[in-house]
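Peer 1: First residue of the sequence shown: 1, per UniProt numbering; consecutive thereafter.
No wet-lab data here; the hints were simulated from the structure. Bear in mind the structure is a predicted one, so any value in this text is a computation, not a measurement. C-beta atoms are modelled at their ideal positions from N, C-alpha and C, and glycine is treated no differently. Heads up, some of the hints might be wrong.
[Claimed, not checked] Derived Cβ-Cβ restraints for the label pairs, each shown as a range: (1) 264 to 209: 21 to 27 Å; (2) 121 to 142: 24 to 30 Å; (3) 244 to 143: 22 to 28 Å; (4) 166 to 282: 50 to 56 Å; (5) 17 to 39: 39 to 45 Å; (6) 166 to 121: 46 to 52 Å; (7) 105 to 39: 51 to 57 Å; (8) 255 to 320: 26 to 32 Å; (9) 39 to 304: 30 to 36 Å; (10) 324 to 152: 18 to 24 Å; (11) 281 to 123: 24 to 30 Å.
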Amino acid sequence: MRTTILGTGGIAGLHATAIGALGDHGISAQVTHAVDIDADRAAAFAAEHGVPRHGTSLDDVLGETDVLHVCTPPGAHLDATLTALAAGVHVIVEKPAVLSLAELDRIAEAEKSAAPARTGAGTARFTQVVQHRFGAGALRLRRLLDDGALGRPLVATCDTLWFRPPAYFDVPWRGRWDTEGGGPTMGHGIHQFDLLLAVLGDWTEVSAMAGRLAREVDTEDVSMAMVRFASGAMASVTNSLLSPRETSDLRFDTEKATVELSHVYGYSDENWTFTPGAGQDDVARHWAPEPEALPSGHTAQFIPTYRALAAGEAPPVTVADARGTLELAAAIYRSAFTGRPVQAGQIGPGDPFYTSMRGTGPGWEPVKDLPAAAGEVAR
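My request is simple: use the sequences and hints to build the entire structure.
Peer 2: Structure follows, in structure tokens:
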């Protein structure tokens, strides 16, 4: 498969490396084009990663592309995705996929009418990077819950406690509703609570708070939420960019055990802790670490994704999966800014939070100069 990487900033290097590793797993794929609005940056990226062609126009290379990896700022994801699907090119988008539920619903409709895939199997497909779903520990935990080996899930915590200094937000598109979509809820914690949803399933209700406590941004710099799931389980979710000791922690308390994950930006089996409940020592046999398994990361997600695309099948993370996570982000903002709980399915056309995570407004005034419009980060 011929792959184009659109946007050659920091995250693009992880994509190039992961694509390069697919050959070790029997998948034929190569990054053939690198595209960026900054010609020099595209050229430097191509030289570093051995990419044959580079330039500043996506339109010029779509005809020679089977899979497009969108690694631009979030404000540019939608247009690139719609263009690629219409051209029969599969799309793999970095998180967050888009800035709103309305935009994601546009992608869902575009995927339904997408052109035949250039790979020759099926039509063009869309997927989002949520690499934490694909670590061995997460897959094992989901399997054990499905099998009933751990009993019912009851209580969970999901904490993304990261630190971003003021200088981090000097990049014009960061900390803005119109280009980043939100603060740590959208751009950082979304990976952890996506994994929370992958393990616990559908959520039904959320109550939340958000604040701009220390950074000169338009968005929040911290949010906290309480989430109820269809299973009856309850979870707390914290998303922070103000925490000097960075951790990404999830804890799942079931009827028979506590399962914990502690890492920062990625994990292996060594980052999990399994504690049987009182009188439940026998359940420990179900938790069998796999030392040879891939850690969570782009490679772990791209292997099954590329196999599915080559076969003309739906990728393991569908647009519906991405929507469930994005809807939770929107619900956190809606609850935080209106002071009321939000039910799953409540945010739809006509609701201010359907078209923007900012919705009716956070209650604080903008503090940043906004020199660039959202469209200027596109291509």
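Peer 1: Of the numbered hints stated previously, which ones are contradicted by the structure, given in increasing order?
Peer 2: Going through the list in order, the structure violates hints 3, 5, 7, 11 and respects the others.
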